[in-house]
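K.L.:
What follows is each chain in one-letter form.
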Amino acid sequence: MSSEENLQETDTEARFEFKKEQHSAFQSEKGLTEETIRLISEDKDEPDWMLERRLRALKQYKKMPMPTDWPGQPDLSELDVEEIVPYIRPDVETRGGAENWEDLPDEIQDTFEKLGIPEAEREALSGVGAQYESEVVYQNMQERWEEKGVVFCNMDEAVQEHEELVKQHFMTKCVPASDNKFAALHGAVWSGGSFVYIPEDVTVEMPVQAYFRMNSEGMGQFEHTLIIAEEGSEVHYIEGCSAPKYGTHNLHSGGVEVFVKEDAHVQYSTVQNWSKNTFNLNTKRAIVEENGTMEWVSGSMGSKATMLYPCSILKGRGATDNHITIAFAGEGQDIDTGAKVYHNAPDTKSTIESKSISKDGGRTNYRGLVHIADGAEDSSTSVECDALMFDNESTSDTMPYMEINESKVDVAHEATVGKIGDEDVFYLQSRGLDDDDAKQMIVAGFIEPITEELPIEYAVELNRLIELEMEGSLG
Amino acid sequence: MATIELKNVHAEVAEGDEQILHGVDLEVKSGEIHALMGPNGSGKSTTSKVIAGHPAYDVTEGDILLHLEADDFDGIDEIPESARTWDLLELEPNERAALGVFLAFQYPAEIEGVTMTNFLRTALNAKLEERDELLFGEDEDEDEDDEADAGYETSPMEGPADEGEVGVAEFQQLLSEKMELLDMDAKFAQRYLNAGFSGGEKKQNEVLQAAILEPTIAVLDEIDSGLDIDRLQDVADGINALRDEQGTGVLQITHYQRILDYVEPDTVHIMLDGEIAMEGGPELAEKLEDKGYDWVREQVYNAA
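Here the protein sequences line up with chains A and B, keeping their order.
Residue numbers are given in full-length UniProt numbering: position 432 of the first sequence equals residue 432, and the series is strictly consecutive.
Residue numbers are given in full-length UniProt numbering: position 207 of the second sequence equals residue 207, and the series is strictly consecutive.
Just so you know, the hints here were simulated from the structure itself, not pulled from any lab data.
Misleading hints may appear alongside valid ones.
The list that follows gives simulated cross-link-like pairs (lysine to any residue, SDA-like), each with its CA atoms no further than 20 Å apart [to be verified]:
hint, chain 1, residue 1, chain 2, residue 2
1, A, Lys63, A, Thr33
2, A, Lys315, A, Asn392
3, A, Lys439, B, Asp294
4, A, Lys419, B, Pro55
5, A, Lys439, B, Leu288
6, A, Lys439, B, Ala109
7, A, Lys419, B, Ala109
8, A, Lys439, B, Met1
9, A, Lys349, A, Thr395
Below, a sample of chain A positions facing chain B; criterion: calculated Cβ distance under 8 Å [claimed, not checked]:
hint, residue
10, Met66
11, Pro67
12, Trp70
13, Pro71
14, Gly72
15, Gln73
16, Leu76
17, Ser77
18, Phe426
19, Gly432
20, Lys439
21, Ile442
22, Phe446
23, Glu448
24, Glu453
Remember, predicted model here, so these are calculated numbers, not experimental data.
The C-beta atom is built at its ideal place from N, Cα and C for all residues, glycine as well.
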């Protein structure tokens, strides 16, 4: 049966689950050797300094032990990086991404059509990038932004076209390869991702979006996203991810670095819907200067295990951080997410809202750290985590660490854990909703305080994903 | 004309074997108002819950039947003959709701994050869809096609195009009319379902939901408790309107004569120890107010 026929016969879940036959132009060997890294860098025609950074990162990766000593961390023992194919270049003529969907091979075009990306681009976005396997295959931005000096291109192209900016910011002060084992791995084999540059005082009104699609079995995707928002600028960057389900494990280990300059405002939103064979281990960090604002919005829906703790370093006086995270864990899933904030200057402010849902034996964990440095006076932080469990088999943990080294601060923390109420479900059933719909409505209500802060299209998408997750495990 | 019929209903708590109902016989027809009275613990609330299908109770003996006539549902010309008598005990709570059985809760659940408008429209559409399925059988092929279309042709950044039988605009019109009728503030429509409502507001909301869902049979469990006199009047108006305008049959569970002054029952049933012990006209409620349940007990047990 061709994949096309296959698609016709499946239901909505197939929207993310469908697979395409793999046609690639270049594919690295499994595992990690210096030789592999050199090949990737050569295939990309990179400058020497980037190759050197990759090789240094590889050394760091080899030296660092797998993290196994975190309290309650997800089990990574099934993840064998040596079995992962780190780099696959799809068979696309245009390097750096086509500007027209029609220029892409049918199967790739078809994939993104199914995911609804071209339509969203027409209606609600300033720009779109789409990555297939290891490379960005499509990149486009409305001209009016280009005219104002906004850059939205794929990361590989940025290495060539914006070399100085990249050399200065790429895995140097924000997320150095030495940060953790998977950041080091990422530094060695990264490929694709987005580069976003917003000049001073430019406000990009509609969001820019990147979509990362992993299609091949047993591969790793390591896209790198670098966002630089100059003084007084504003941008909303959205990232979507998905992969079809396979028997062997995939690895996604993205890196995100955000530089929020004085008075700038960056929102980074992501809905991750990896298939349930994917290990999702990311490092995302922002450095926020004086009076800048960083907003992280994360929906972690899929994957076998996720470890993701977006971090803001509030470096300048008056800097602000907002974190919103939603996690959903079904059968066999361990979603370990949270937030990290470092208050390194006075008058800084952070708010963290986390909602998690677990069912059918899934586990969610909120793991967070708020650090307030000595001297960061008049800073405030508020952390709120709520967990909803569907049944007695599911687990929800909360680990909100606080390190407060300054006395003149305002700290608030609240956590609730509850099971979905039988009386609530019966009440809705008695009005005509069936058991599944009743539970779905309760879950939608549970995350409502968060979805109401999202752009409407995005909130709808999130609700739909949760519906799919719930149908999948209920059916 | 619809009739709900309880025949010799025995029920116990599902976890445990405490028997609460010992053979309840009761019949309520469209357009009638029945009062069900009785002391605490006599089984009134349990009766209401087994009618609605609460999973915490098991019916161990007896039947709960719903009889429909051909033209009982507005918008449906003729209910097929094979779909006119229903054994409610075989149906899920939402299927009972779809056939027009409504329970107004004594303690309605509070659902955070779900607006009244969203909830009620979803419920109304779910009810109409389920009712069609029950009466005319499922048309699965069509449903699946719809879903596949929704999956592929709409963007993931949009909601499903499918709006249900009652669209947003039509529903808002309906909701504001019913709210006005019950003298409810328009801002209720955007509040979360019962969340932070006062006791009285919750009761008003139960009657509003009945007005929207247009039940054939409504069981109202202590709808009058916690109501001040003004709101009691509003709620009573709502109940009378259900009966007068929609022909709903009402089974009203209450401790007090007070609401019966506003909603005059055709029949009063008095429950003792899990059975209907005495029945009569509206005057029975007055007598009860005068003489108390001990009098009923004396009458019943002396006679027996």
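K.L.:
Does each hint hold? Answer for all of them.
P.N.:
Status of each hint after checking the structure:
1. For a cut-off of 20 Å, the pair hint linking A:Lys63 to A:Thr33 stands: about 13 Å separates their Cα positions.
2. The suggested pairing of A:Lys315 with A:Asn392 is violated, with an alpha-carbon distance near 43 Å, which exceeds 20 Å.
3. Only pairs whose Cα atoms come within 20 Å are accepted, and A:Lys439 paired with B:Asp294 is rejected, the gap being roughly 45 Å.
4. Between A:Lys419 and B:Pro55, the direct Cα distance comes to roughly 17 Å. Compliance with the 20 Å bound is thereby established for this hinted pair.
5. At most 20 Å may separate the alpha-carbon atoms for a hinted pair to count; A:Lys439 and B:Leu288 exceed this at roughly 43 Å.
6. Distance restraint check for A:Lys439 and B:Ala109: the Cα-Cα separation of roughly 13 Å lies within the 20 Å cut-off, and the hinted pair is therefore satisfied.
7. Restraint check: the Cα-Cα separation between A:Lys419 and B:Ala109 comes to about 14 Å, which is no more than 20 Å; the hinted pair holds.
8. For a cut-off of 20 Å, the pair hint linking A:Lys439 to B:Met1 is broken: about 34 Å separates their Cα positions.
9. The hinted pair formed by A:Lys349 and A:Thr395 fails the criterion: a straight-line CA distance of about 31 Å is larger than 20 Å.
10. Taking 8 Å as the C-beta contact cut-off toward chain B, the hint placing A:Met66 at the interface is violated, the least distance being around 35 Å.
11. Restraint check, A:Pro67 versus chain B: the minimum CB separation of about 33 Å is more than 8 Å; hint violated.
12. Violation of the interface hint for A:Trp70 is found here, the shortest Cβ-Cβ separation to chain B being roughly 32 Å, above the 8 Å cut-off.
13. Residue-level restraint check for A:Pro71 is violated (minimum Cβ-Cβ distance to chain B is 31 Å; threshold 8 Å).
14. Nearest Cβ of chain B to the Cβ of A:Gly72: about 28 Å, over the 8 Å cut. The hint is violated.
15. About 31 Å separates the beta-carbon of A:Gln73 from the nearest beta-carbon of chain B, more than 8 Å, and the hint is not met.
16. At its closest, the beta carbon of A:Leu76 sits 30 Å from a beta carbon of chain B; the interface hint therefore is violated under the 8 Å criterion.
17. Given the 8 Å rule on beta carbons, the hint for A:Ser77 is violated: about 34 Å separates it from the nearest Cβ of chain B.
18. Interface restraint check for A:Phe426: the shortest CB-CB distance to chain B comes to about 6 Å, inside 8 Å, so the restraint holds.
19. Interface hint at A:Gly432: satisfied, since its Cβ lies 3 Å from the closest Cβ of chain B, which is below the 8 Å cut-off.
20. A least Cβ separation of about 11 Å between A:Lys439 and chain B goes past the 8 Å threshold, and the interface hint is therefore violated.
21. At a threshold of 8 Å, the smallest CB-CB gap from A:Ile442 to chain B is about 6 Å, leaving the interface hint in force.
22. The beta carbon of A:Phe446 comes within 6 Å of a beta carbon in chain B, closer than 8 Å, and the hint placing it at the interface holds.
23. With a cut of 8 Å, the hint placing A:Glu448 at the interface with chain B holds, because the nearest CB-to-CB distance is about 3 Å.
24. For A:Glu453, the shortest C-beta to C-beta distance to chain B is roughly 13 Å, which exceeds 8 Å, and the interface hint is violated.
This entry does not satisfy hints 2, 3, 5, 8, 9, 10, 11, 12, 13, 14, 15, 16, 17, 20 and 24, going by the numbered hints stated previously.
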